[in-house]
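Trainee: Build out the structure end to end from the sequences listed, making use of the hints.
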Amino acid sequence: MVFLLFTTGCWNRRELNELAITLAIGLDRTKDGQYLVTAQVVNPGELATGKGGGGSGGSPTIIYQAKGETIFEAIRKMTKESPRKIYPSHLRALVIGESLAKKGIGKPLDLLSRDWELRSDFY
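According to my numbering, the sequence shown holds residues 1281 to 1403 in order.
Just so you know, these hints were derived from the structure itself, not from any lab.
No false leads were slipped in.
Distance condition first, Cα-Cα at most 35 Å in a straight line; then the derived DSBU-like pairs of lysine-lysine:
| no. | residue 1 | residue 2 |
| --- | --- | --- |
| 1 | 1347 | 1387 |
| 2 | 1365 | 1382 |
| 3 | 1365 | 1387 |
| 4 | 1383 | 1357 |
| 5 | 1357 | 1311 |
| 6 | 1360 | 1383 |
Mentor: Laid out in structure tokens, this is it:
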């Protein structure tokens, strides 16, 4: 019984200051056949912090972009570029480029639908 007290905890917790909360993701194919992934994430330094307003007047979002042979590879590269982990749980929009749409969206959507951190109620 005592053992149960010590096995509970926050093993899967997410610290807010370690996450790049993603609002929108764009997927496309480049001319050389690579995937181009673009993510719009919240810029925490520019959010309103009370009655007085927000930060220094900059954009409330940051854009990250990466290319890869697969969408997963591009997202990993983007996570290395970002000081925080790309976190898609608050995704509101998915934009698919014309060149990717012409080649088929089955595989990209399959990858996104299998991501356990991604909600399925985005547009």
